[in-house]
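If you're matching them up, the sequences are chains A and B in order.
Residues 1 to 239, numbered by the numbering used here, are exactly what the first sequence covers, in order.
Residues 1 to 114, numbered by the numbering used here, are exactly what the second sequence covers, in order.
It is possible that some hints are incorrect.
Stated by the list, open to error - Taking beta-carbon pairs under 7 Å as the criterion, some of the chain B residues facing chain A (in silico):
| # | residue |
| --- | --- |
| 1 | 28 |
| 2 | 31 |
| 3 | 39 |
| 4 | 72 |
| 5 | 93 |
| 6 | 94 |
| 7 | 100 |
| 8 | 102 |
| 9 | 108 |
Don't read these hints as lab results, they were simulated from the structure.
Please read these numbers as outputs of a predicted model, since none were measured by experiment.
By construction, the Cβ of each residue, glycine as well, lies at the ideal position given by its N, Cα and C atoms.
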Amino acid sequence: MNSLASLWGYPLGRLFASTSLTLGVYGFGIVLYKLGRRAPLLHPGIVGIILVVAVLTGLGVEYTSYFRGAQPIHLLLGPATVALGVPLYHHLSHLRERWLPLLAALLVGGSVAAGSAMLIAWILGGDPLVIRSLASKSVTTPIATVIAAKIGGLPSLAAAVVLATGIFGGLIAPPLFRLLRINDPITQGFSLGVAAHAFGTAKALEIHPAAGAFAALGLCLCGVVTAVLLPLIFQWLAG
Amino acid sequence: MRGIAVLVGFQVLGEGVAWASGLSLPGSVAGLLLLTIALAVFGQRLADTVQQASDKLLGYIALLLIPVGAGIMTLYPVLAKDFWPIVAAIVISTVTGLAATALTLSWLTARRSS
Chain A
1 MNSLASLWGY PLGRLFASTS LTLGVYGFGI VLYKLGRRAP LLHPGIVGII
51 LVVAVLTGLG VEYTSYFRGA QPIHLLLGPA TVALGVPLYH HLSHLRERWL
101 PLLAALLVGG SVAAGSAMLI AWILGGDPLV IRSLASKSVT TPIATVIAAK
151 IGGLPSLAAA VVLATGIFGG LIAPPLFRLL RINDPITQGF SLGVAAHAFG
201 TAKALEIHPA AGAFAALGLC LCGVVTAVLL PLIFQWLAG
Chain B
1 MRGIAVLVGF QVLGEGVAWA SGLSLPGSVA GLLLLTIALA VFGQRLADTV
51 QQASDKLLGY IALLLIPVGA GIMTLYPVLA KDFWPIVAAI VISTVTGLAA
101 TALTLSWLTA RRSS
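All chains, please: the whole structure from these sequences, using the hints.
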């Protein structure tokens with residue numbers, strides 16, 4: 001036990017221990033995800049995070065020394081965010097026919113999701129740091145973490161909140177659409193992408209291919225628009 | 001490999017633009033927007049260069065999220081104190097967000113086609 005933990009005591013050991021731990025839990029997560037028929041709760045990101053926390057806690061290793069060693073993996077999150085420009089470009093053509101209804105729905109839906117989350121946490125006496133970490137809750141995780149950092153929230157909490165939103169959104173959407181009598185696959189897909197990012201897009205793909213395409217469009221647009229507007233709004237409120 | 005280099009290049013460019021413009025837009029998102037604009041301008045040739053790298057990186061997104069996500073272990077006090085506000089906010093705002101998007105879109109689409 002102790003000798004394993006001591007790997008994190010010096011830079012090269014830290015690099016080796018953190019990257020192999022992260023790759024190892026991810027590999028395990030992928031196997032589990034396939035065995036569990038891709039159940040959202042078994043998403044390799046979620047399983048991976050839980051296992052890393054469990055191992056670090058078990059070994060008594062500080063998070064900051066794990067995170068410093070995991071930089072080679074963490075640094076790829078930036079280019080991965082930029083990479084979202086490719087699906088955005090491909091799906092932009094879907095905007096052509098009904099761009100106005102889609103953009104209006106994006107603005108209304110995105111504001112309602114972020115606004116109601118912050119309002120509820122505020123009413124229930126949540127800490128300002130927590131309230132700021134909830135603002136990016138419906139945005140895809142890599143963008144949500146950088147938004148949280150920009151507006152003074154906690155990126156790690158934002159990531160957890162986003163993952164929880166995705167899982168819950170995928171579960172609640174089908175009965176909610178039935179209740180509201182929303183039958184159009186394009187409307188269902190776009191809403192899933194805007195309100196429940198990648199988990200919503202996976203759910204939309206199960207419904208209909210068109211729903212999946214519009215979910216991907218909603219995911220990209222919601223991420224970009226939220227990343228542009230939220231920091232501006234917070235700056236304006238502060239100034 | 002060239003694709004990754006292009007993506008990193010756009011990230012650096014994005015950080016630069018975000019910094020120079022004084023907007024508090026995250027640099028990587030500025031890079032995303034610049035890449036989308038460049039794709040619209042240069043079309044298929046640029047798309048071919050970055051497509052594979054983009055698919056690969058986005059396919060491994062769950063792996064890339066683990067280091068920052070594990071930071072939740074430093075937040076037990078916050079989670080313990082604000083557990084219910086966080087849960088209530090997630091549950092209610094996910095329902096209102098889905099409903100608001102779907103109802104706005106279906107209302108505006110119906111109005112247009114009628």
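A quick look at each hint next to the structure:
1. 28: 4 Å, holds
2. 31: Nearest chain A Cβ about 4 Å off; hint holds.
3. 39: 4 Å, holds
4. 72: 5 Å, holds
5. 93: 4 Å, holds
6. 94: OK, holds: residue 94 of chain B within 7 Å of chain A, min 5 Å.
7. 100: Residue 100 of chain B check passes; min Cβ-Cβ to chain A is 4 Å, inside 7 Å.
8. 102: 4 Å, holds
9. 108: 4 Å, holds
Of the numbered hints given earlier, the model fails none.
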